[in-house]
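K.L.:
Letter by letter, the chains look like this.
2 protein chains.
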Amino acid sequence: MPLFLNTHVNKVDRKGRVSVPASFRAALSDQAALGQGAGTPPSFSGPSFNGIVAFPSFRAPAIEVLDRERMEQLSSSADDLAQFSERRDDLAATIFAAAAELPFDGEGRIILPKNMADHAGITELAAFVGMGRTFQIWNPDGFERYRREAATRVREQGGALILRADKR
Amino acid sequence: MPLFLNTHVNKVDRKGRVSVPASFRAALSDQAALGQGAGTPPSFSGPSFNGIVAFPSFRAPAIEVLDRERMEQLSSSADDLAQFSERRDDLAATIFAAAAELPFDGEGRIILPKNMADHAGITELAAFVGMGRTFQIWNPDGFERYRREAATRVREQGGALILRADKR
DNA sequence: TGGGATTTTATGGGCGTCAATGGTCTTAGG
DNA sequence: CCTAAGACCATTGACGCCCATAAAATCCCA
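Chains as they are written, first to last, in the working numbering: chain Z, 258 to 425; chain U, 258 to 425.
Hints in this document: simulated from the structure, not taken from any laboratory. Don't take every hint at face value.
Given that identical chains are not distinguished, each listed pair holds provided it fits within a single copy or across any two copies.
Unchecked claim - Below 20 Å or equal to it, Euclidean Cα-Cα: the simulated SDA-like pairs (lysine to any residue) are:
(1) K268 x P318
(2) K371 x E401
(3) K272 x F261
(4) K371 x N267
(5) K268 x A354
(6) K371 x D398
(7) K268 x D375
(8) K272 x G308
(9) K371 x L359
The structure displayed is predicted, hence computed values, not measured ones.
Could you put together the complete structure from these sequences and hints?
P.N.:
As structure tokens, then:
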């Protein structure tokens with residue numbers, strides 16, 4: 258089971274390229290291999306697409322990165338919404354229309370589309386932030402600020418509970 | 258069930274490496290299905306990752322240590338929260354973004370990431386502190402101070418603890 | 001039961017490999 | 001023709017992996 262941990266700050270070079278951390282790449286190819294069984298949905302590149310799927314976060318100045326499996330989950334969830342509300346169209350427009358496949362170059366780098374880089378305020382440096390099953394890409398300073406606020410909220414709401422929340 | 262007991266103070270060498278106490282390593286390989294394969298890359302869900310997962314404690318100047326399996330459970334728990342909810346992102350930013358897989362080298366040592374060493378105030382020496390089902394890594398002096406205060410509190414408040422025969 | 005022999009730990013250091021980065025060249029496209 | 005994107009190569013610094021040594025624990029057998 259893939260797990261994205263840690264925060265890696267990498268440089269964006271003059272051509273707009275950034276290295277995706279090697280550990281993240283490993284985790285991605287891992288889950289890609291696992292998800293081979295079922296029929297591959299259309300409108301995605303072939304089974305062995307070498308890269309990531311990203312879209313601008315609508316809650317924060319960041320770029321969300323999901324693996325294919327997760328993207329499909331999201332799609333299904335959005336479909337469920339359809340029968341109950343028109344939020345589905347909003348979600349679809351917000352997520353899927355703005356999403357893009359970002360292929361790796363030979364060295365495991367991607368190029369951040371301008372609109373996403375702008376949304377996240379990324380220029381020179383990009384922070385790859387592990388979020389468990391997914392990861393995000395931030396402006397390093399922006400993330401550090403957010404992280405501090407989040408840590409405060411977690412402390413106040415008793416994050417210790419979560420540590421015991423594992424049911425086993 | 259494996260238990261982490263005792264306190265071991267080990268040296269941090271010039272390359273930032275510390276030996277994890279052998280007894281702790283044994284306890285770890287007990288609870289996780291032991292994996293022999295050395296050099297397993299991080300974020301790899303193979304048979305078993307040989308190493309530990311650590312993140313800075315948000316309660317104390319210390320490093321919390323879990324095995325990978327437990328971290329995956331945590332990830333699943335967080336997953337149950339609504340996608341894109343604030344709570345979920347806060348937890349992820351606080352825990353997963355600050356956590357790291359620390360693989361063992363051939364001699365059972367790990368490298369403490371700089372941010373964690375700073376958080377715990379660790380430079381020359383690291384205290385591995387057994388906490389029952391988990392353990393922590395402290396600056397030895399810092400832990401000694403904490404231990405004294407904790408002991409005082411326990412004495413003053415009457416350290417009553419109800420034993421229970423829980424499931425697992 | 002004592003003490004030497006053997007195995008395990010903790011620690012130190014060398015070296016090769018790979019990740020991150022930067023550049024150049026080639027191809028495609030407007 | 002000029003620009004933009006993609007493929008390919010080069011550099012360097014960190015980390016993984018290996019071996020060496022000393023100290024400590026354990027074993028073993030007289």
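K.L.:
Give a verdict on every hint.
P.N.:
Hints versus structure:
1. Within a single copy, K268 and P318 get their C-alpha atoms as close as 18 Å, which meets the 20 Å cut-off; across copies the closest is 30 Å, which misses it.
2. For the identical chains of this complex, K371 and E401 are inter-copy neighbours only, at 16 Å across copies versus 22 Å inside a copy, given an alpha-carbon limit of 20 Å.
3. Taking the closest pair of Cα atoms, K272 and F261 never come within 20 Å of each other, the shortest separation being 26 Å inside a single copy and 25 Å across copies.
4. When the C-alpha separation of K371 and N267 is checked against a cutoff of 20 Å, the pair qualifies both within a copy, at 17 Å, and between copies, at 16 Å.
5. For the homomeric pair K268 and A354, the shortest alpha-carbon distance between copies (18 Å) is at most 20 Å, but the shortest distance inside one copy (27 Å) is not.
6. Taking the shortest alpha-carbon separations for K371 and D398, both the intra-copy value of 19 Å and the inter-copy value of 18 Å come in at or below 20 Å.
7. When the C-alpha separation of K268 and D375 is checked against a cutoff of 20 Å, the pair qualifies only within one copy, where the shortest distance is 16 Å, while the shortest distance between copies is 23 Å.
8. For the homomeric pair K272 and G308, the shortest alpha-carbon distance inside one copy (18 Å) is at most 20 Å, but the shortest distance between copies (34 Å) is not.
9. For the identical chains of this complex, K371 and L359 are intra-copy neighbours only, at 12 Å inside a copy versus 31 Å across copies, given an alpha-carbon limit of 20 Å.
In this structure, the one hint that does not hold is number 3.
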